[in-house]
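Q: Here's the letter readout for the chains.
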Amino acid sequence: MEVTQNLSLIHLILQASIPVKFVLGILLAASSMSWWHIFLKLFALKRAKGETDSFEKEFWGGADLNVIFQRVSQDREGAGELERIFEAGFREFLKLRRQAGASVNVIMDGTRRAMRAAYQREMDGLESHLAFLATVGSVSPYVGLFGTVWGIMLAFQSLASVAQATLAQVAPGIAEALIATAMGLFAAIPAVVAYNRYTHDIDRLSNRMESFMEEFSNILQRQATRPA
Amino acid sequence: MNLALPREDVTAGLLAAAVHGFFILLLVFGLSWQIHDPQPIMAELWHSLPELPRPSPPPPPPPTPLPKPLPEPVPKAQPVPDTKAADIALEKKKKEELRKKKEAQTLEEKKRKEELRRKEEARRMELELEHEAARLEALKREEKRLAEQKRREALLREEEELQQRMLEESLAAETARIKAKAAADQRASEIAKIVAQYKDMISAKVRGNTRLPDSLSGNPEVEFEVSVLPTGEITKIRLSKSSGNADYDQAVQRGIEKSSPLPVPSDRTAAAEFRNLILKHKARE
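The listed protein sequences correspond, in order, to chains A and G.
Under my numbering, think of the first position of the first sequence as 1, with each following residue one higher.
Under my numbering, think of the first position of the second sequence as 229, with each following residue one higher.
It should be emphasised that the hints constitute simulated quantities derived from the structure, not laboratory data.
Glycine included, each C-beta is placed from N, C-alpha and C at the ideal position.
Each hint should be verified, as a subset may be incorrect.
So, partial list: chain A residues that the calculated Cβ filter (under 8 Å) puts toward chain G [stated by the list, open to error]: (1) 31; (2) 35; (3) 39; (4) 40; (5) 69; (6) 200.
Pulled from the structure, derived: some chain A residues nowhere near chain G, Cβ distances all over 12 Å [unchecked claim]: (7) 10; (8) 62; (9) 100; (10) 145; (11) 164; (12) 223.
Turn these sequences into a full structure, and let the hints guide you.
A: As structure tokens, this is what we get:
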């Protein structure tokens, strides 16, 4: 080994041992995937928040429930989470009300169940892939550390076979191995930050949805007690 | 339902790729900034090329030596033929022939004798050689025997030496042990002396700090177990044998407590004796 090593990144990665390369590959894949999900989730949450805001404005603005229901049921895919919950609840309410002899309690129970089911589905959609972010955030430092430890092990092993040990003999190996840790941290930190941020955002959204469900149930109950 | 639009998908992918590109750029440049440029190379500039020494002309070929003319042979003088009386010559010739014959005969005789002599000589030589070989063989055998004897002697001597050394060594070890034992004994006795001295000091100090109760009768003896730190500080006092007089026991315990720190020897081995001290105290000596 020469003393004046070329320590450029590409050189280091190219001369890395197979396990280290493998670890780097895994981490690069995990990092790409997690960043992709981070951006996807960012857009999705932004959209969900905007749609929830506009729907609440419309709903509390005194619009006719039947009009809103008509609009939402025509374009279910384009509607927001809260609109879909509203649609499911109102549809169930109308169906039950049309049935003769259904008491108010039965109507309200059915409506609430329908809204609850829709709410669960929406939450499931919002929370999808968050577990992946959490996994990347907690595991990739370890994977990177594994690559580093492996690389350092090899570096010191090669040191054992020479009579005169110099730092220049291990330094490239250690530098190369430390890239794995850097990569692991690079994958983990954004994933953890995004996970925490998105969990918080989703919690707030879910709170808004639940309170809306309660309030909407009250409105419907008032309608049900009123003779049609 | 969380349905990402296809455009959003692509955007997210592009953004992720951009983030990675940025990271890799950072790594590449961040690392390459740390690398120093190669050391400058020294180069000397010459205004003009120095005058090189001209190659010397090849040495002239050695002159070919001219063949010397051979000296002319000098003609020899021809012997002049004798033209004197022929009979004399004839007689001479006859005589000469006779002489030659005789000569030949003697020569032959000589030759035979010579041959005989040579044969004899050869036989003698052979015999001598045989003798010599036998002598050599004997010599060799003798030499071998001597070497063997020498070797055996050396071995014997070595063994003797070894025994001697072992004996000496064991003797030395024995004396060392005895000496060590003596030293240990001496040390033990010294330590015992120190211990006794300090015990006296401790009991004197305790006695000085103890105020005997008024209701004391006789000369009761009380025994305490005292745990002492290496600095002399008392950590625990336990009554191990009461005197029967509770007031007296308490008075002595207070005296011991007051005596902390107790005088403790600085010698480590001696101090070890004081870690758990059994203190007997009599009202009067």
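Q: Next, verify each hint and record whether it holds.
A: Hints versus structure:
no.	hint	in the structure
1	31	holds, 7 Å
2	35	holds, 4 Å
3	39	holds, 3 Å
4	40	holds, 5 Å
5	69	violated, 18 Å
6	200	violated, 17 Å
7	10	violated, 7 Å
8	62	holds, 28 Å
9	100	holds, 34 Å
10	145	holds, 18 Å
11	164	holds, 23 Å
12	223	holds, 27 Å
The structure is inconsistent with the numbered hints 5, 6, 7, although it conforms to all the rest.
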